[in-house]
Amino acid sequence: MCMRPPRRTEGSADMAVITYRDALGQALREEMQRDPDVYLMGEEVAEYNGAYKVSRGLLDEFGPMRVVDTPIAELGFAGIGVGSAMVGLRPVVEMMTWNFALLAIDQIVNAAAKVRYMSGGQVGCPIVFRGPGGAALQLAAQHSQAFESWYAHVPGLKVVMPATPADAKGLLKSAIRDDSPVVFIEGEMLYNMKGEVPDGEYTTPLGVADVKRPGRDVTIICHSKTVAVALKAAEQLAGEGVEAEVIDLRTIRPLDTEAILSSVARTHRCVVAEEGWPFAGIGAQVVDLVQREIFDELDAPVLRVTGADVPMPYNKGLEKAAKADPAKTIAAVKRVLYAEAS
Amino acid sequence: MATKVVMEALSPTMEEGRVVEWKKQEGDTVAVGDVLADVETDKAVMELVARAGGTLLKHIVAAGATVPVSDPVAIIGEPGEAVDGGAPAEKPAADAKPAPAPPAPPAEPPSEQPAGAKRAGREGETGASASPGAPAPTAEQPAAPVTERPAPAAPAAAAPAPPQGGRVKASPLARKIAAERGLDLQGVAGSGPAGRIVQRDLDGLERKAPPAAAPSPAAPAAPAFQPSGSGEPFEDVPLTQIRKTIAKRLAQSLGPIPTFYLTSEIDMERVADAREALNALGQGKVSFNDITIKAVALALKQHRACNAWWQDDHIRYWNDVHVGMAVAIPEGLITPVIRYADQKSLRQIAAEAKELAGRARERKLTPEEYTGATFSVSNLGMLDIEEFTAIINPPEAGILAIGRMAERAVVHGGAVEVRRRMRVTMSCDHRVIDGATGAEFLKTLKAMLENPLALVW
Amino acid sequence: MAGTATEAARNGAVSDATADQYRLWLRQMVLIRRFEEKAGEAYSLGKIGGFCHLYIGQEALAVGTLAALRDDDYVVSAYREHGQALARGLSARSVMAELYGKATGCSKGKGGSMHLFDASLHFMGGHGIVGGQIPLGAGFAFAAKYRGTDQVSLTYFGEAAANIGAFHETLNMAGLWRLPAIFVIENNGYGMGTSLRRASAIPNLVERAASYNMPGVVVDGQDVDKVKAATDEAVERARRESTPTLMEIRTYRYVGHSMSDAAHGTYRTKDEVEEYRARDPITVLAQRMRDAGLLDDEGMEAIEADVRAEVEDAVKFAEESPDPAPEELWTDVYAPAAQDGGER
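Residue numbers (our numbering), protein chains in the order written: chain A, 677 to 1018; chain B, 34 to 490; chain C, 35 to 378.
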């Protein structure tokens, strides 16, 4: 079932260059065409065409029963989505941003993630919760948060975070077809990103990381927005003779441990870059894995690049200082290489 | 600042050591890695080396003294530096206790701690973002021995001063490479933070002199002995209930190791012929013992159930075969190990066995050379013993006792013939090996020795 | 209509169908009562662990509401759901085994007292977070409407859950979207130890229905006839008109909130409990049946004996059933194709 889009076949005739936003929209449209049980629900998804225009045109095509505008009531509509999934529909519940999903987290964690287990396997919950996560620009503390480690902590949930348009489409299609609940975290700053997306039907499997740039000297593990950060860092490092391998996790849970371990076993050095806070973050999980499984391959401690351990400030300069960026990533890479520290 | 030299644990089981001879005298200049003294452990005579350089200021104990592990034996420092602490050199060493406690060494000033230590314990607080933002650890410390120990390892009251300079800091990868290439990390200058030895520091370093026997000139290059089979050196198998019950019941019946014995008489005619023919080549001598070791190793390879360790809550089945070979020495018994014996040629085994036995008698074996056997053999044939039972060396599950080769009248091919025969008795740990399991191993061993071509098949 | 059947019963002239229904209800209510008493006993013996919330005193509510549903309708409840599970048709064996945490339990021993499920009976679980099941119930109704079936969904929750956000958010959407949902407030007067008067700005919870543009009804929960009749009307509205209903069914639990809560003494008086016992739902129905000549002492004793045997059989079954296999720890976390949610 899983076909990977051929990446980096530049100029290929079967590739269109579209935005991440439109790639998500294509995935929704194709899956709703394919399966009548798939529907989209959330605030402003229908008549307004989506707060971020991901669902543009869907109401016209599928009507109000399948593209459902909700009141501002995250807990309520998340739970209604979960209930409908328990009896066989395949809802895609849009959170205008993941900050608001905090109001719905009881339904995501206590209902969606657990109902299969609590019922002894009788009742499943094929649902996708999706929306943008992390910081955009100067939205301050309550609107600039990365929640992937919260959800990845929960057995029963899958957590998916595409970084490119092609992955966004392929992964969303897989998430909708998955029989387990999926937390699908996009990025407001990614919606306008353009990239080649194969025409037509393909899916990208969940739980499979992707090497976004091969290298031999150090492995940079990243996901979502930090993929661009890592690629920029790798490009600059290449100018200094350091070949960094950039691994995009794409799925946080299940984690593609094989991809991580095989790369780090080759490079012997590892940096993990993520947008979220450092404490108990995704990088901590990667560090645990690497030291546990391939301790003897390490030539240096695994270092992490994260957001600052503070609520996000509004001030532009402070906000920039709080974010993971290429400079911090390069500094970490140099430390694991025992090169001169910046 | 003066550095105390402590009695180090030079064997896995050593609790105390006797200073046989001081190799460096008070006033001598010493460098890191210099041999300070010969120390007799419970197993061998080992070298105590300097972990710090300077001048040997004082022998805290005299030659002949027996000192518990981690107690101080000498002090190294700058010439003329005042020596605090240490007992006078003439103090009778036999009861050497930790010297009167010197004032506790002052906590190291924070600036000398590696950056990592400074960050420890505050990951949940603010500011730990992007660790690269923290001050990079430059080489604040001399590259050679580092003088601080991780806090959890700090000894309790028994050892007032933490042993100084005992630990080599190296990245896991550097340690692995060193082990693979036979490099000695002691004395390698580390270029990482706080003198950590990292991969690049090992580039171009020479392999240390191999402790094993040099193969004779004509011998083919020894292959690298790789973990074999599945690629794993061993497999740990959890105990089944029946295995637990067998273990418990049998141990109650017969002491800590419920041992049973299996004896087999092996026709050695063809082995004797083969040995004569090999020795006639004039390329070194091979003994019956060597041949038996080789056959045991190959038979173990076929019977992993006997190539195992009892580990209390599980059984470790070894995929690699390391045969221990009991060697009598004046002080008692030691069992050097022929590693990967199943993969080695008879000639290699013969050379190695001879070399190990020689150094065992001189008590020059290193701990790595007499630990880690997966099965052992003990041979008293040369002392004219017909047959005997050997005591299992735990955690191994079996040992083979080899009696003398004797001419006996046996029925062979329908007629009574005088043939050279040898009796072997296998002691089996019944918690691991059952009767039939041991018997099948012995059957394979017997078949191999009765048709020695099987050893090269 | 309730009145008709009740009047008929008083006059000793009930139809055969009504008589059969009464006998069934009486047996179900006695079963729930004796089952719960036995569960309480097993709990005190340490056979049942965790939380255990008994339904004693509320039997008519479960039996009367569920009598109005079809097999393909959906039911979801909170954590005081043993009675509803039994009334919905889960066997005493499978429920008791679940309380015992056994592999033969309705949730394979992985749910326990608070998480009874039987997907084949569309019994969609007991749920442990107060009010968490209310949007789920609306979700089942949403699915029915989405698919164009005429199924309805019935959601139980206690009166204290009517103060939680999920109640208001869900009822708003159910009213807005005209979902075929019935929301049943099991008003037993107390949210744990806090009485309704101390928790709600208005004492008549049913008035909240007006805020969400749906009918609201108050029902005497100790009279199974009245419960059934009112639920019939709500089901009809949902099935035919896709209109939700808020039912406030007033009942009483004789026992504490959970096993660690005394039946009376701290937040209510013994007199209050005795007052309600006088209107015991089983007594109410049994008397009606006696008046109609449908029940005598002998008949009641026969029901009791029959139920006793069923409950004892359930206990024996639970006692003798195996624990879940150790590997069950790891199953049912993800959909079968991918039992590997952590590291791959």
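What the hints contain is simulated information worked out from the structure, not anything from laboratory work. Glycine included, C-beta positions come from ideal geometry on N, C-alpha and C. Please note that a few of the clues may not be correct.
Claimed, not checked - Listed below are several chain C residues computed to face chain A (Cβ distance under 10 Å; list not exhaustive):
#1 Leu213
#2 Pro237
#3 Val240
#4 Ala244
What the hints assert, rightly or not - If you anchor each label on the Cβ, the simulated ranges turn out as follows:
#5 Pro360/C / Glu969/A: 22 to 30 Å
#6 Glu71/C / Asp736/A: 54 to 62 Å
#7 Ala1015/A / Glu265/B: 29 to 37 Å
> Going back to the hint list, which numbers does this structure go against?
Replying inline: 2, 3 and 4
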